[in-house]
Amino acid sequence: MSAIEPISQAAPQQQGAEPLVQVRGLVKHFPLTRGILLQRKVGAVQAVDGVNFDVMRGETLGIVGETGCGKSTTARLIMRLLEPTAGEIRFEGEDITKLKGSRLKATRREMQMIFQDPYSSLNPRKTVGATIAQPFAIHGLLKDKGERKRAVQELLETVGLSPEHYNRYPHEFSGGQRQRIGVARALAVKPKLLIADEPVSALDVSIQAQVLNLLREMQRELGLTLVFIAHDLSVVRHMCDRVAVMYLGRIVEIGPGDALYDYPRHPYTGALLSAVPIADPTLRADDRHLLTGDVPSPANPPKACRFHTRCPKAQELCSQEDPPLEDKGTPSGAQAGTEAACHFPLSREEVAEIGVRSVR
Amino acid sequence: MSEPLLRVEDLHVEFPTEDGVVHAVDGISYEVERGQTLGIVGESGSGKTVSSLTTLGLTRTQGARVSGRILFEGKDLVALPDAELRAIRGNEIAMVFQDPLSSLHPFFKVGSQLIEAVRAHQDVSKAAARARAIELLGLVGIPDPEKRVDHYPHEFSGGMRQRAMIGMALANEPKLLIADEPTTALDVTVQAQILALLERLQRELGMAIVIITHDLGVVAEMANEIAVMYAGRIVETASAEEIFAGPEHPYTWGLLKSIPRLKGRRDEALTPILGTPPSLIRRPSGCHFHPRCPYAQPDHARIDPQLQPVAGESEHHVACLLESQLRRRLWAELQQGATPEQAREALGLPPPPEQFERVASVAAGAAQGSGGTVGPAPEIGL
Chain W
1 MSAIEPISQA APQQQGAEPL VQVRGLVKHF PLTRGILLQR KVGAVQAVDG
51 VNFDVMRGET LGIVGETGCG KSTTARLIMR LLEPTAGEIR FEGEDITKLK
101 GSRLKATRRE MQMIFQDPYS SLNPRKTVGA TIAQPFAIHG LLKDKGERKR
151 AVQELLETVG LSPEHYNRYP HEFSGGQRQR IGVARALAVK PKLLIADEPV
201 SALDVSIQAQ VLNLLREMQR ELGLTLVFIA HDLSVVRHMC DRVAVMYLGR
251 IVEIGPGDAL YDYPRHPYTG ALLSAVPIAD PTLRADDRHL LTGDVPSPAN
301 PPKACRFHTR CPKAQELCSQ EDPPLEDKGT PSGAQAGTEA ACHFPLSREE
351 VAEIGVRSVR
Chain P
1 MSEPLLRVED LHVEFPTEDG VVHAVDGISY EVERGQTLGI VGESGSGKTV
51 SSLTTLGLTR TQGARVSGRI LFEGKDLVAL PDAELRAIRG NEIAMVFQDP
101 LSSLHPFFKV GSQLIEAVRA HQDVSKAAAR ARAIELLGLV GIPDPEKRVD
151 HYPHEFSGGM RQRAMIGMAL ANEPKLLIAD EPTTALDVTV QAQILALLER
201 LQRELGMAIV IITHDLGVVA EMANEIAVMY AGRIVETASA EEIFAGPEHP
251 YTWGLLKSIP RLKGRRDEAL TPILGTPPSL IRRPSGCHFH PRCPYAQPDH
301 ARIDPQLQPV AGESEHHVAC LLESQLRRRL WAELQQGATP EQAREALGLP
351 PPPEQFERVA SVAAGAAQGS GGTVGPAPEI GL
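Protein chains in written order, with the working numbering: chain W, 1 to 360; chain P, 1 to 382.
I should point out that these hints are in silico values taken from the structure, not numbers from a laboratory.
One or more of the hints may lead you astray.
Reference listing, derived: stretches of chain P covered by chain W, where coverage requires no fewer than 3 residues with Cβ under 8 Å from a Cβ of chain W [unchecked claim]: (1) 155–164; (2) 187–194; (3) 210–218.
Where a beta carbon is used, it is the ideal one built from N, C-alpha and C, also for glycine.
Pulled out of the complex, with its shape left as it was, chain W reads as follows:
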C-alpha cells in the first residue's frame, strides 16, 4: 500500500482520527456525443472535476449544493456505481477504483447506500422480507432460511417497524416507513460506510424528523461512518460534523459544521445560507443578498473560479486564476475554521451583513 498524501481540510479535529475514505483528484466527465452510428465526442459534462476530501471513521460528512453540482455523482463514484474518469478513491487505505470481481464485491459489502425516493428504490413485486434479505443472498451470508428470516425481523425492529411486516409489500407502507425499509436493507450487511443521498427530501416534515433521528441513532449504536447528501442546509447542519459545499463539480468550502455555518468564508456558502427561509417571521429578511441567474452549464463551466459569473465579490483575478482550497482562518483564531477556494473570502462584516444568523 503506497502512502497517500494527507490533506488538511480544515483538520478533522479529533486527534488520531483516521480516514475511512480518502478521495483524491476525483474526476467524472460524461461524454456528450453527436451522431447515431458514428458517435463523435463533442464535449463533456464535467459533473465532478477534481474533488479531494477525507471521511473520518465514525463522523458524518455532509455534502450540500444545488441541483447539478455533482454531489450525487460523487456518492455514486465512491460506491463504484459509476467509473471515475480520473482520480483515486481509497477505502481503508486501498484504492478501490481499480477493483474488479470478487474484490469489488467484498468492498461493496462495507458500504451501503440509502436513496432519495423511497417509492422507486424498493421493488414493488418483492416482499419487504425478500428486499431486506437480498444483501444476504448477494453476499452469501446466513444461508439458513430460518436464520435469515430472524435477522430480517431483527432489522425491521431496529428501524422501528414491526417484525410482522416481513411478508408485506412496499405499497402497503407510507413514505417514511419505506425509507425505514431502505435503512434496514442498507444495514443488513453491517457496513462501515453509509451513504445517504437526499434521504428525507421526499418526506413530510414530521416524518423527516423521524428518519433523521433514526439515522443518528443507528450511527451512534453501530459506529457507522455517514456521508449525508442533501440540499437542505438546516438538515445538514443538524446531522453533520463536517460539511462540504459543492458548486459545479468542485468543493468550494469544507470544514467543521459549526465553523461553516457561523463564519462561512466562500461567497457561495454565504449566499446559500442567506437564501434559506427562516421559520420565524420576526427574522424576515427584507434585503437578502440573492444570487441572480442560474447555475452555468457543467458542460461549459466558467474558467478559473467557477463561481465568478454569479459572485458579488468577483474581480478580474477570479476569471483568470483558479483559487486553491485552503484555510482562510477565523475571526477569533480560536476554533478551527473552514477551507475555502476563494481569492476574496467574506470578511466578518460581510458575514454579518449577509444575514447569516450567528449562533446565540
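Following the hints, put chain P in place on chain W, whose structure we already have.
Okay, now just chain P, sitting in the frame of chain W:
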C-alpha cells in the same frame, strides 16, 4: 370593515371512491383580504391543495361533492356555472402549480402558451398579445425576453420555468394568486429568488396571495395570516407572528419542533410527530389528531373540537380540547427544551390511553396491524 376579497365558508369537498368516501376538505372557513397573503400549511393529504383547486372549480370534473360557499367579491364560486367560472379563472384568480415542468406544455413555445393565456380573456391581436407575453417574461425577471419568448419549456431551467408560470398567472393582472407549493421543486437559491419575485409583484400589483406549502420557513417569510390544516380541517389560524410566537395546537407544536434550525444548538434532538397522517377515508373519531397527540385524554377520541377563539386574541383560533391554561404551560415547557413526555409529567398530565396509538398506526395505512380497531373493511370492487 369592508368585504374580504375571498371568503370561504364551511367548505366540504368529498370524493366518492371504490374504497369509500374521501373527506378531503371537511368544513373549513377562511378569509383573504385584498393585497394580503394567507399561508396554508399542512402535510401531504391534509386537504390544502384540494381546497384551493375547488376555489377555481378544478375539482368539478373529478366527481367531487362540494358544499359550502366560496365567495369571491360576493360571487359564490361553488354555485357559479362553468362558463362564468371560466371567465374568472386565469383572469381574476390565477394559480401557480408546484411542478413547472408538467404545468407547461412541452410541444408549444413558452411564448405561445403565454399568448394563449392573454387571449383567453382579452380581445387583443396576436401581435399585441405577443408584446404582452414579452413584457410578462421581463416582469418576472427572465433575461432577454424577446428571444426567450420563442423558446420551448425544455430550454428553460427549473427556476425560469417557474418564473414563466408566474408570468402566465399574471397575464391578466389577477386580484388573487393561488400558489401551490411554488418553490418545493426548486433549489434554495432559486426559491429565494421566486419568493422575492412574488413579494415584489404583490407590492407592485396589489394582488392577494394564498400560498400553500409544507415549509414553515416559506410561510414565515411570506404570509400575514397562517392557517394550519390537518386531516381536512383547519386546526389553528392566526397571524404569522402569533403562530410562531405562541402556537396553541399540539400539531403546530409538533411541526415547529420537528424542523432542524439554522440557529440554536446543533445537537438538539428533533421531536417528530409520532405515527403518520390519517387516512381521509376512515378518519379517527373525535379530534382527528388524537391518535398522534402526546397530550390526548380519553374523551378526546369522542369529542370533536371546534375552532374557538384563543382567550385575549381576537384573530387567533384553535381547535383543541385541552384547557387553554394547560396549553400555555405545555408550550412553555416545550420552549424550555422539554420533550412532550417531560412536559406532560411536569404538569401532571396523564399519558394518552394506550389504545390511541394503535388506532394511529391502523389509520395510517394497511401496513400496521390487522385493522381490528377501525370500522368494517371497505368493500373493494373489481
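Hints that the structure is at odds with (numbers, increasing): none
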